[in-house]
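Chains E and C supply the protein sequences, listed in that same order.
257 is the number that full-length UniProt numbering gives the last residue of the first sequence; the numbers go up by one with no jumps.
308 is the number that full-length UniProt numbering gives the last residue of the second sequence; the numbers go up by one with no jumps.
Mixed in with the good hints, there may be bad ones.
Stated by the list, open to error - Listed next, the in silico BS3-like pairs over lysine-lysine satisfying Cα-Cα at most 30 Å (straight line):
| # | chain 1 | residue 1 | chain 2 | residue 2 |
| --- | --- | --- | --- | --- |
| 1 | C | K183 | C | K109 |
| 2 | C | K223 | C | K180 |
| 3 | C | K2 | C | K223 |
| 4 | E | K23 | E | K166 |
| 5 | E | K166 | C | K17 |
| 6 | E | K23 | C | K2 |
| 7 | E | K248 | C | K17 |
| 8 | C | K17 | C | K60 |
| 9 | E | K248 | C | K60 |
| 10 | C | K183 | C | K223 |
| 11 | E | K248 | E | K23 |
| 12 | C | K109 | C | K180 |
Source of the hints: derived by calculation from the structure; they are not laboratory data.
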Amino acid sequence: MSTLSLAVRDSATMLRRDFTHSKRNLMMTISGIATPVFMMLLFVGVFGGAIGPSSASSYIDYLTPGIVIMTAGTGSAATAVKVCQDMAEGIIARFRTLDITRASVLTGQVIGSVIRTLVSVTLVIGLAVLLGFRPRAGFGDWLLVLGVFVLLTFAITWLAVAFGLKATTPAGANSLSLILQFLPFISSAFVTTESMTGPVRWFAENQPYTPVIETIRGLLMGTPIGNSAVIAVSWCVVLSVVGYVWAKRQYNRTPVR
Amino acid sequence: MKLAIEATGLRKSYADKVVLDGIDLRVAEGTIFSLLGPNGAGKTTTVQILSTLLAADDGKAVVAGHDLTVNPGGVRGSIGVTGQFSAVDAMLTGEENLRLMADLHRLPKAEGRRRTAELLEQFDLVEAARRTPMTYSGGMRRRLDLAMTLVGSPRIIFLDEPTTGLDPRSRRTMWEIIRKLVKDGVTIFLTTQYLEEADQLADRIAVLNGGRLVAEGTPDQLKRLIPGGHVRLQFADVPRLDHAVRILGGTRDDDSLALDIPSDGGVQSLRSLLDRLDGNHIEADSLSVHLPDLDDVFFALTAKETTR
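Whole structure, please, built from the sequences with the hints as guidance.
Given below as structure tokens:
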């Protein structure tokens, strides 16, 4: 077998391991998947009336793309904590002495995390539609949304894995991943950047989440995308590569024990 | 004699602490080699280097015919490691743990299932197969750990303190398993801090202390390093002891009315001693033979190092 097919096979084995872990840790899995759903309810039902933009379209149409990208960040805490805990297990030392594709244990966790995030985002969009979200996207647009979303999730998850490897305790891993979860609050996810002032506005307009949100919003609602798509994809690719290389380097360094 | 492991000049230090200070090892195929040493002697570091977990600062090692630095993948393909800390997945059941190993060794599905069933049977884990290791006893965990190591049928197995923390019965079970493995031609590299364990199992023993090998040989060769074998005669009263000393010499122990006579403990020398007792009407109550054991050797060797 070629190196690539061996890598795919090992990663598939590690993905099965990750699934079994999700099954055994059912409460954690469910709460991870459900958190964005609660975010949706919170922002539509509780804050929606107060902070909605004053344009003609309803707030939920503006908000849903924001919650969608938040979903990509929500899973990162669980991923970082899981990786950090996993690395303390003796089984990782065993994996290192096996003739397998080295990064497969990480790849398995990344793919597992992306799949859980996709389940979560499906629930979020379903709920949004029930609450009155009316996207104008065609089939092709939906495919593009899926593509951009998966790309973003990959970037965030590889960064989360790197955080999990970097942190020495699960608590540390959790706090590092808060960056990924809270950045959407200072973006165009909930309100337009025009309503912000000074440095906050500058940051919101130039941080990676905003072009991704604008791209998804444009694809779903027909708002102008401009050069957001190119910037969004570039950010995602760069962050994925950074996260992957960083994670892999840390995994390959001297084991703790 | 084919060598399973050959290492020369292995060195490793962390910051300014030297853990291994130039170690040479030669382990013949199909034998049990035991690395014996107190805590912190560098046993685990040696295993980590030879099993590709850690890179040595200096030195060269060939394991199963593969150079450690040139072809670590080849080494990994031929070895199995059961470390000092349990290397089982606590969230998977015993059976799932073994199946995971089968998948990672890329065994075909049916083969993986067969091997799993076989190992569960062999290691007495059939009833525990569907439970997670959190519910296992220490001995069961260690058995599952070793069973996982065996899934890929490795030719060389590293066992880093495999019985530390086990009760005497579990320890015996583990010894039986290890002996059976060697019968099948597997090479075992065993580290232990239990002298009895090395004495029971090993074909050759190397004593590691302070990052250096201070002695190497068969258990018997090591025991011979330390003189002190003697026969102890016990007497009923002082006059009988006096009488014996006059004729036999030796070292007397007045407190316990005993006399120690240097001896190698062999049948010939014992017979001639008994003849002399008879011929000279020496009345001894009892006779016991004392040979130096590995404890004596170990303490003698490691004490020398630490007081240096």
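These are the hints, each one checked on the structure:
1. C:K183 with C:K109: Given pair K183 (chain C), K109 (chain C) holds - Cα atoms ~28 Å apart, limit 30 Å.
2. C:K223 with C:K180: Given that 30 Å is the threshold and the Cα spacing comes to 26 Å, the pair holds.
3. C:K2 with C:K223: 26 Å, holds
4. E:K23 with E:K166: 26 Å, holds
5. E:K166 with C:K17: Holds, because 25 Å separates the two Cα atoms, which is no more than 30 Å.
6. E:K23 with C:K2: Not satisfied, since the Cα-Cα distance of roughly 48 Å exceeds 30 Å.
7. E:K248 with C:K17: 28 Å, holds
8. C:K17 with C:K60: 21 Å, holds
9. E:K248 with C:K60: 26 Å, holds
10. C:K183 with C:K223: 25 Å, holds
11. E:K248 with E:K23: 26 Å, holds
12. C:K109 with C:K180: Within the cut-off at roughly 27 Å; holds.
In this structure, the one hint that does not hold is number 6.
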